[in-house]
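The listed protein sequences correspond, in order, to chains A and B.
Quick note on numbering: my numbering labels position 312 of the first sequence as 316, and the sequence is numbered without any gaps.
Quick note on numbering: my numbering labels position 138 of the second sequence as 153, and the sequence is numbered without any gaps.
Hints are computed from structural coordinates only; laboratory data are not their basis.
Mixed in with the good hints there might be a few duds.
[What the hints assert, rightly or not] Cβ-Cβ distance ranges computed for the label pairs, FRET-style:
| no. | chain 1 | residue 1 | chain 2 | residue 2 | range |
| --- | --- | --- | --- | --- | --- |
| 1 | B | G91 | A | R56 | 52 to 60 Å |
| 2 | A | S237 | B | Q255 | 55 to 63 Å |
| 3 | A | N6 | B | I19 | 50 to 58 Å |
| 4 | B | S139 | A | Q293 | 56 to 64 Å |
| 5 | B | S139 | A | A16 | 33 to 41 Å |
| 6 | B | L36 | A | N6 | 17 to 25 Å |
| 7 | B | T68 | A | H41 | 17 to 25 Å |
| 8 | B | T18 | A | T10 | 19 to 27 Å |
| 9 | A | V24 | B | S160 | 36 to 44 Å |
Being a predicted model, the structure only gives us computed values, none of them experimental.
Idealized CB from N, CA, C, for every residue including glycine.
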Amino acid sequence: MNRAITLALLVAAGLGVGYVESVIHADEAPRRRELQHLHDELHGRLEAGAGRDPTVARALADSGEIIIAVRAQLVEDLTTRVAAQYLQQVTLDLTSLEAQAQGTLRKHTFIGRRKIGEWAIAIVIHKLVGQIRAGPPRLSFASNVLDVEMPLEVQPTSGQIGLRFSWDSASMVSLVCKDFEVDMVVDGRVLRQRHLLRGQVELAADDDALTATPVLHERSFPLKLELAPDSWSKVEAALASQDSLGRCGMFLDPENAMRGLRELVADGIEVRLPRSILRPVRLPARLEQTVKVNDRVVQLSLAGERFHSSKNMLWSSTRVSVASAQPQATP
Amino acid sequence: MRTIPLKRVVRWVLLAWVPVLAFLAFRWNARSMVPAVSVEETVLARQTVALQTLVDAADRGALVNFAQVLVVVDQGLVRDLLRAAMPIEALIGGFRVRLESAEASFDDGLALVHLSGKATLIESSVSADLRVYGGLEVVKLDPQSGRLRCEVRVFGVEADRANLIGIDEPLRDLARALSHGGLAALLRFVEVPVRIDDHLSLPAVHSKRLRISAADVPIRAEVAEVKVFRGRLWVALSEQPEVQPESVPSAPLARP
């Protein structure tokens, strides 16, 4: 009996020492208090630091579950890279492009100043295919838009240009002057020239993406042409051949028509860029309506997307909630 | 001098070992039930280290130092994503583990995830409540989907005493297995619904006047920095343009 009690007491003593030792050893209080103190101090400093940071303050005031902020510089860099790659080799087909000029000729006659007739010049490009290259764009951010100025350099090229001169005599004059038309095909060329396209890139957030839609203030630009030197001689010769009494040469000064042609060529032919180049482009950062947690697909609901761009940042904020999830396959 | 019989000496020695063995048995048992350092303290220690980094960054004026893209994710969304995927079940270390609830708390440098559930011995009704404390880590942009992908790193596992004697040892094995990569069998990854495309596609234009070839402008984005505070995950992404070979000017179509 005594032995049993002794044994029990010894076991109890061992367990008791073990307990006391474990309590002493497990007493994390001093270490933990010190850690907690340091933690609290750092937490306070972080709170103060967070309040000083404008981006953090803005995000904390935002109720969106997901915020995507993009620096304006990245959009500018991407735009420049897109222009450099996408608009490096643009083929411009000027075939069938037309330009016209016309005028009325009035002269003093024995019955006073009268309309003698009307002249017209038409330029029709028969075949002329050139290239355009975009230079580095200049961008500036405004509210939700990006103002863009993009230089376009038209590369020089040669082709065939059709010219048509016509003279339509006034009814009274037509008794003595006959109408005429001169058609000819001459060599011409597009000069190397630079144009500045001005427009905006409208930035917006649709269902799940940030989009950039280019809008040009003016889709047309005048394309300067030039006739080959020998072509001018041919034109002058052709007009001079009409400068006879029956063709009203006494009234129609060929230089007059030549001047009209030179002005027409100098002004250039209006080239209108198609709307198809102004398509919206999705920026590479966007939201997804489904995600995976393991192999389970979770459907999300995106709502209340807010978008704003300032001088140096694009800011998109979205309320995101879980709509449904696929059940998991039983292991 | 009085001699002590050897038999008695042996008995005293044996008796002296009794409290020692009792002490060791207690400590062994206590160690199995209470980790040497509690999960809370582990988390506190990790948070303190992370906080120091955040405070240093804040002092430099670079708390969220993003040069290009910043994605901010609310802890509530991650919690809801995890909950939507519940229950998650897997067989680990002889147990059927079923996680049924999730909490997320993104504060003071750590994206804490607290998963709760039950571990049941296979082919038995013996079970224990299980709590897994982990940290969410934004690993990378998934190369296939382009989505931000997070993994859960286990900080600690707690299992309540089983409803039958004899489950403690297997539970310790389970806790160890979960802490050392076993959680991957349960929760491999969580995606954040933000996608960064690896290219910018521009369609070809074929109009009467203009022809432009389609272009794919490569985007090489990567996770640059992740910070956690004030209930949010702050992920900075950077994009490095591909180094293009110097372009060779194309020959003009015709001599001007």
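Okay, the hints, checked on the actual structure:
1. For G91/B and R56/A, the hinted distance range of 52 to 60 Å is not satisfied, since their beta carbons lie about 25 Å from each other.
2. As the Cβ distance of S237/A to Q255/B is approximately 58 Å, the hint placing it in 55 to 63 Å holds.
3. Between N6/A and I19/B the Cβ separation comes to about 19 Å, which falls outside the hinted range of 50 to 58 Å.
4. Distance hint check: the CB atoms of S139/B and Q293/A are about 42 Å apart, inconsistent with the given range 56 to 64 Å.
5. Taking the beta carbon of each, S139/B and A16/A are about 34 Å apart, inside 33 to 41 Å as hinted.
6. A C-beta distance of roughly 20 Å is found between L36/B and N6/A, which places it inside the suggested range of 17 to 25 Å.
7. For the hinted restraint 17 to 25 Å between T68/B and H41/A, the CB-CB distance of approximately 18 Å keeps it satisfied.
8. For the pair T18/B and T10/A, the beta carbons lie near 23 Å from each other, so the given range of 19 to 27 Å is met.
9. For V24/A and S160/B, the Cβ-Cβ distance of about 57 Å falls outside the hinted range of 36 to 44 Å, so the restraint is violated.
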